[in-house]
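J.: Letter by letter, the chains look like this.
Number of protein chains: 2
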Amino acid sequence: MREVPGGAGAWLPFLPMDIPSGNTLLDIAHSELREGLKSLGHDTAAHVQAQGQGEGFEVIKEQNGLVIKGGEPGVLYGVYSLLSCLARDEDPVTPYTEPHYPLRMLNHWDNMDGTVERGYAGSSLFFRDGAFINDWPRLRGYARMLASVGINAVCLNNVNVRPPADGLIMEEMLPKLATAADLLRAYGIRLITAIDYALPHTMGLGTADPLDPAVAAWWKERADAIYRHIPDFAGVLVKADSEFRPGPYMYGRSHAEGANMLARAFGPHGGKVIWRCFVYNCVQDWRDTKTDRPKAAWEHYAPLDGRFEDNVILQIKNGPYDFQVREPVSPRLYAMPGTAKALELQLAQEYTGHQIDLYYMPPMWREVTRDLEGYQPRHICAVSNLGSDENWTGHDLAQANLFAFGLFAWRGHTDDADADWWISLTYGADPRLRDTLGDMLLRSRAVYEKYTAPLGLCWMVRPHTHYGPDPEGYEYDKWGTYLRTDREAVGIDRSSRGTAYTLQYPEPFRMLYDSPDTCPQELLLFFHRLRFDHVLPDGRALIQYIYDTRFEGADEAERLLNDWESLEGLIPSDSYLHTLERFRRQLLNAREWRDVLNNYFRRFSGAADEKGREVY
Amino acid sequence: MREVPGGAGAWLPFLPMDIPSGNTLLDIAHSELREGLKSLGHDTAAHVQAQGQGEGFEVIKEQNGLVIKGGEPGVLYGVYSLLSCLARDEDPVTPYTEPHYPLRMLNHWDNMDGTVERGYAGSSLFFRDGAFINDWPRLRGYARMLASVGINAVCLNNVNVRPPADGLIMEEMLPKLATAADLLRAYGIRLITAIDYALPHTMGLGTADPLDPAVAAWWKERADAIYRHIPDFAGVLVKADSEFRPGPYMYGRSHAEGANMLARAFGPHGGKVIWRCFVYNCVQDWRDTKTDRPKAAWEHYAPLDGRFEDNVILQIKNGPYDFQVREPVSPRLYAMPGTAKALELQLAQEYTGHQIDLYYMPPMWREVTRDLEGYQPRHICAVSNLGSDENWTGHDLAQANLFAFGLFAWRGHTDDADADWWISLTYGADPRLRDTLGDMLLRSRAVYEKYTAPLGLCWMVRPHTHYGPDPEGYEYDKWGTYLRTDREAVGIDRSSRGTAYTLQYPEPFRMLYDSPDTCPQELLLFFHRLRFDHVLPDGRALIQYIYDTRFEGADEAERLLNDWESLEGLIPSDSYLHTLERFRRQLLNAREWRDVLNNYFRRFSGAADEKGREVY
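Heads up: the sequence lines are chains A and B, in that order.
Just so you know, the first sequence maps onto residues 1 to 616 in my numbering.
Just so you know, the second sequence maps onto residues 1 to 616 in my numbering.
Any given hint could turn out to be false.
As the list makes no split between identical chains, a pair holds if one copy fits it or if it spans any two.
[Said to hold, decoys possible] Within a straight-line C-alpha distance of at most 20 Å, the following computed SDA-like cross-link-like pairs (lysine to any residue) qualify:
| hint | residue 1 | residue 2 |
| --- | --- | --- |
| 1 | Lys295 | Val93 |
| 2 | Lys478 | Pro463 |
| 3 | Lys176 | Leu570 |
| 4 | Lys290 | Glu614 |
| 5 | Lys61 | Ile356 |
| 6 | Lys295 | Ala429 |
Rather than coming from a laboratory, the hints here were simulated on the basis of the structure.
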């Protein structure tokens, strides 16, 4: 057994190895507080005072010791807050705090055969061979880890719902789903289930048309059945009419009509319909230079604002493409003021290094928060990076993303201190370790971006796997992702003079993005087609910038490795060695990206590197 | 059930639907002759006179009718020859003929789970779910079809031997293998089995080192066991040290040492060791411009000439790469005069259109024969294009390749009349049909080459599937297949001034290939790196030649479709419609190749099409 920092969740070494198995939030809160203090060796008197069901809490100092006050989930969050402060020798007193986002969701893309779509940490924690695994100790560890950072809703099954997962909400499977919900409930987590929109059709109705009364009645009957088993069921998650998934378009209905039918079935029970807005033409012809994939979803949804039922939540990815290293904020997140939205982030490192390369995400989230000021979505969601690996996330340090996501979802913002918080809970208080590792985490996204994606140029990854470079891998594909590199230039003109994608943005973004002179440099090639000799503000030609950043990126990947090596002895040896191997693989990957991209752009541009370095 | 021309093998409509199920060659020959004459409505008197085991035969006219004379397999071939002549209203009298190649082999790449590697005609005819299917009527139809064109040895399992196929030669499976051999034997076909070189290691010996006496003894014991079950077992097929398959290199032994150990085990029983020479470095670094994959196998094998046992046959692909549309003859086929060689062709259209696009192969084989004059290999083999599809080959017309291969293997050469022979046996005697379809078959390879692979440039196919264009799909891959296109030029210099691959050839090829001035035009970019403005003999720039041929290729694919449409009414309607759909898909494929390749080379070269056609 690997010596993983912490028992269940690397940031939880301050909690006892035994995971409480109580059936109620209060049981668990009491048990965690009592055993936690014991395991920390603190004789501080502390107790819990719960009232109501609110998620907020405060930790105050009273005569007879510390008191954690709040609703039932609130006091559990308060217990974790208190213990983690004590573990870091910080003052546990906390003024009243409540979560910024009411729904703080995790989406697992787990298939019932046990595989995880875009999973980089082993197989599914929940399913194997078409059935639930029911590994209760592991699931309690999972629930505790989520609760410790305030995540309060999870969808266990993949949004691409394939048999037998489509049957999760049918009568035979509901008792099993309810058992999972019972376990999660004790940790303040409600269950969401991804559904197959065509299920009534599959089940013999011959249609799934949302305007067919028989279909509506079928779903109402299903919702009633679900709530008989799971009274606090959070709702259903739907990927409709996207990437060959069925949906209302099959019946000539709008997505408002499609979602509202479900909303009326689940609404009376307090359930939500979480409607993924990842809709675009995924059979685009590369010869077609008019269609521009990032424009698609806005066009599908913006006209529907105000036409969704109150309990419909549109779940929208942070960028208009698909979790690339660098994208502008999706224009859909600015649109539709009259519609509930959830921001969807991806902890799974699909395009960002497969949990082999270090990629700490909060710096990106901070940019999203900044750009969305005044347009805050109502809820938040992240695609999970968890799996059956003993360390949960494949890369030990990838746990920091889950930890930071919980804090981000609670507070609505994130800052650099969150990285240090995770490090000190996970690896301890050594200042050199905290400095070095904190700096590594915080610069890791910039490093990855440097060797992979210059200036917002997307999709140079290998098709299918999405790891490693293949600059023309998507050039002739149907996914609407083209570079159109030639001897002169690279990129797509998405300005008002091109595909007019920029016009989907409100001011000031519309104006800023529309001109290469005002466009933020990191997004220059996302919005503009530019010549290789285009001069950047620092006087460098674009091609030279590409060469320079590739070299820097690979050098900095090496520095990450060296920095990690400098921590030998400060990190538990098994975690050190396991992660060392990842840093070595990252360096190989970074060099491959450097050389492939440089070679690719040299062959087109004909430009030599000004500094005479080896460009193959 | 589709109305397939013919019952078992499209060219066999002259044979009765009932496939003879006798146990001996003579039973079958008698039965085929008697029932065949009946089904053709011929009252010609004819009988069989067999003596010995020779494969040759003659059909002579005697007082009391036609007599087929030959050895036991010979007379069966004679019966098929006679019947097929009568079916075409031709004189069945045939002077004594015997096969050019003693071993005329088919290699199936069938896995025991039922899949077929590079199979485009359904699933395996032999295996499903890890076991033999034992569909005897279908297997007899298969054996009869092969016998009708003189194929006399088959390997049923994939050269990439994975469990459970590695166990085919173990005690439990041998009775099953023997049952298949019994069926095939009645049609003059001997069994070959692909083996896993590491099997002694897997089976507990802890090594597969060919120089370890225990390993040699293990194989000897296995060979003895096989021959107890299958006395005429033809031998074993080995893919060693190639694409991650185990082999003698793992133990620091040469391939002569590796093969000879097996040869000594199988030789005493009359068995062959068929040793595939598809060995190269498949983890090449694209940055490495010194290593040149086509050179690899010659380097591995040429020094070993004369060091193989007599019963070892080196099986060598026709080209140095891997069944590309256009390759020069592999230099290995010129080398090693003291070693038995088998020429390996591929009927499965892996890189040549997946049995969707029409691709009749004999024109290519004729070039191979021409270039190998004086260097004839001793045996011949083809990778099968057969599967569980009702029409055996996916594309009805792809059967013509199997048919022609049989004739080619028998005679050692092929000519245009073979196409007409197949057509008239399959679809009948209508002169317009024979003219039109004959012309379509004979030009099909040139058409496919025109839209896919200009001037011998290889590997612009989509990785993994090998269907459709992806010009940079292999550019950064480890398979040693690079174009190195840039703004000026394309291709690899394989001349004496470059990788020196041309020096592996004997004269006059060495001299011819070494200079772009004397290199056959169709191989120009196989051997040379040339500028886009390189002037071809007809005065055209190379880039213009690329554009022109792409447009021509797509136009000619359309002409194939139109020609097929002109045959409506002359072709059985089900075959007509089924194949029509293939021609339509071919046209889409041809246009995609045209547009992608033109776009690709335009982006690099910057050249406009002189004729002003649409280059995207």
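J.: Indicate, hint by hint, whether the structure satisfies it.
T.: Checked hints:
Taking the shortest Cα distances, Lys295 and Val93 never come within 20 Å of each other, neither inside one copy (48 Å) nor across copies (73 Å). In this homomeric assembly, Lys478 and Pro463 come within 20 Å of each other (Cα to Cα) both inside a single copy, at 12 Å, and across copies, at 16 Å. In this assembly of identical chains, Lys176 and Leu570 lie within 20 Å of each other by CA distance neither inside one copy nor across copies; the values are 44 Å within and 61 Å between. In this assembly of identical chains, Lys290 and Glu614 lie within 20 Å of each other by CA distance solely across copies; the values are 17 Å between and 38 Å within a copy.
Neither within a single protomer nor between protomers do Lys61 and Ile356 lie at most 20 Å apart by alpha-carbon distance, with minima of 44 Å and 78 Å respectively. Taking CA atoms no more than 20 Å apart as the test, Lys295 paired with Ala429 passes in neither setting, with 47 Å inside one copy and 59 Å between copies.
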